[in-house]
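Engineer: Now for the letters of each chain:
There are 2 protein chains.
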Amino acid sequence: MIVYGRNAVREALRGRREVGAVWATDHAARERWLTGVEVMRVGADEVERRAGSDAHQGIVADAADYAYVEAAELLGRSEPLIVALDEVQDPQNLGSIARSAECAGATGLVLPRHRSAAVTPAVCRASSGAVEHLAIARVRNLVDFLAEAKRAGCWAYGTAAEADADYRSPDYRGGVVCVFGSEGRGLRPRVAAACDALISVPLRGRIESLNVGVAVAVLMYGILQQRDALDGNP
Amino acid sequence: MIVYGRNAVREALRGRREVGAVWATDHAARERWLTGVEVMRVGADEVERRAGSDAHQGIVADAADYAYVEAAELLGRSEPLIVALDEVQDPQNLGSIARSAECAGATGLVLPRHRSAAVTPAVCRASSGAVEHLAIARVRNLVDFLAEAKRAGCWAYGTAAEADADYRSPDYRGGVVCVFGSEGRGLRPRVAAACDALISVPLRGRIESLNVGVAVAVLMYGILQQRDALDGNP
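As you go down the protein sequences, you meet chains A and B in turn. Residue numbering for the first sequence follows this note's numbering, starting at 1 and increasing by one per position. Residue numbering for the second sequence follows this note's numbering, starting at 1 and increasing by one per position.
Heads up, none of these hints are tricks.
Here are the simulated distance ranges between beta carbons:
hint: 1; chain 1: A; residue 1: V37; chain 2: B; residue 2: R173; range: 43 to 53 Å
hint: 2; chain 1: B; residue 1: S78; chain 2: A; residue 2: H114; range: 43 to 53 Å
hint: 3; chain 1: A; residue 1: R115; chain 2: B; residue 2: A72; range: 43 to 53 Å
hint: 4; chain 1: B; residue 1: Q89; chain 2: A; residue 2: R30; range: 16 to 26 Å
hint: 5; chain 1: B; residue 1: R140; chain 2: A; residue 2: A72; range: 51 to 61 Å
hint: 6; chain 1: B; residue 1: D231; chain 2: A; residue 2: R30; range: 48 to 58 Å
hint: 7; chain 1: A; residue 1: D166; chain 2: B; residue 2: V37; range: 30 to 40 Å
hint: 8; chain 1: A; residue 1: E79; chain 2: B; residue 2: D166; range: 13 to 23 Å
hint: 9; chain 1: A; residue 1: G105; chain 2: B; residue 2: A197; range: 16 to 26 Å
hint: 10; chain 1: A; residue 1: A118; chain 2: B; residue 2: H27; range: 27 to 37 Å
hint: 11; chain 1: B; residue 1: A165; chain 2: A; residue 2: G105; range: 11 to 21 Å
hint: 12; chain 1: B; residue 1: R49; chain 2: A; residue 2: E79; range: 54 to 64 Å
hint: 13; chain 1: B; residue 1: A21; chain 2: A; residue 2: A21; range: 45 to 55 Å
hint: 14; chain 1: A; residue 1: A21; chain 2: B; residue 2: D166; range: 38 to 48 Å
Selected chain B positions facing chain A (Cβ under 7 Å, derived; list incomplete):
hint: 15; residue: S100
hint: 16; residue: A130
hint: 17; residue: H133
hint: 18; residue: R168
hint: 19; residue: L203
hint: 20; residue: I207
hint: 21; residue: V214
hint: 22; residue: V218
hint: 23; residue: Q225
In short, the hints are calculated from the structure, not lab data. Cβ coordinates follow ideal geometry from the N, Cα and C atoms, glycine included.
Put together the whole structure using the sequences plus the hints.
Structural biologist: Here it is, written out as structure tokens:
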């Protein structure tokens with residue numbers, strides 16, 4: 001699988017999968033983190049041809065296929081904090097969600113196998129390489145996954161703009177799965193019904209939605225902030 | 001000033017400035033929020049020519065110049081929560097910061113007059129129209145503004161990846177100014193020195209930075225979460 005863009009290639013080199021050839025322009029090849037890496041110097045047109053995109057920032061690499069994890073592995077971790085996505089199809093949104101989840105220290109990300117963006121080169125790029133370090137699982141059916149998560153002791157929270165409950169009101173100790181829908185459409189009714197509760201990140205201004213990658217970060221950091229406060233003041 | 005893109009035009013129509021002519025393709029003109037608005041039906045090429053960008057989503061409007069507010073007005077509000085930017089030059093980043101700040105309910109945004117992105121059509125688009133509702137001030141000199149804010153009773157917090165203090169440790173009651181630098185370069189030393197304290201949003205994964213719009217949202221919501229908790233448990 002091709003990986004392009006500075007951060008995407010850098011994190012692939014630091015990450016779990018094997019990286020083969022790297023092609024870069026003279027300018028991009030000067031990056032300090034490429035020290036010790038064998039780089040083929042080529043023109044920008046050759047990088048673009050190999051990347052299949054003009055968002056390559058002068059560098060492209062040939063890496064092993066992206067390695068997904070098993071959803072059961074995520075559920076087996078201690079007090080997992082899992083982000084699950086319901087039909088998020090936009091690669092930019094999936095990338096920014098992955099970046100937010102990785103930075104916040106989420107246990108992992110769960111994507112449905114169908115009608116959802118997968119980890120493509122565009123997603124690697126949009127995530128700034130976060131997908132290389134984040135555990136990502138694909139599941140056949142999101143509703144079944146939520147049932148499995150609940151059997152494993154997790155609470156499932158769906159995020160919905162119209163939910164009455166503020167994201168700060170639940171007690172997030174223990175295992176947690178937070179489900180986000182696509183921008184615009186939100187959660188499908190069957191998915192919302194499979195959650196233990198619906199929560200929202202309150203909008204205190206006049207526009208109607210946060211970017212979904214931003215909403216993921218606010219919720220993840222908010223949960224961790226609350227867990228820390230509860231641990232500190234039992 | 002030209003405004004293009006669905007959310008940008010919608011919020012301009014709902015916002016403070018006067019909107020003159022609106023041009024839209026047949027498809028874009030069907031939006032429900034355009035009911036009652038006089039729209040000139042034109043082809044996509046005409047919309048693109050007027051927008052000067054291909055990110056127009058089929059709609060462009062002619063609006064009055066963007067109306068900035070005075071920084072002193074922001075400082076005069078009760079317990080203001082102000083975001084100040086140090087040389088953030090990327091319109092996408094400024095747009096996403098404005099969107100995050102507006103959604104979180106920040107009092108306003110302060111931009112230096114020089115070496116900083118201003119509110120351009122690209123910023124209106126990238127902010128999803130949030131700039132129409134957010135109070136934005138331009139200042140001659142950011143260090144002078146921080147001194148003025150401190151005289152007005154605010155605490156100034158600079159965000160820096162290398163700061164030891166976690167963003168959750170200060171007591172944010174009272175007036176607060178949070179200063180963010182550009183992605184990559186961070187705060188200039190003179191600006192960092194003008195802050196009362198430096199704080200960071202902890203990265204719990206392996207990649208090195210949150211998107212700056214995401215960092216703004218995490219900090220704003222975190223401050224409000226803490227203020228609410230402190231008010232609830234005095």
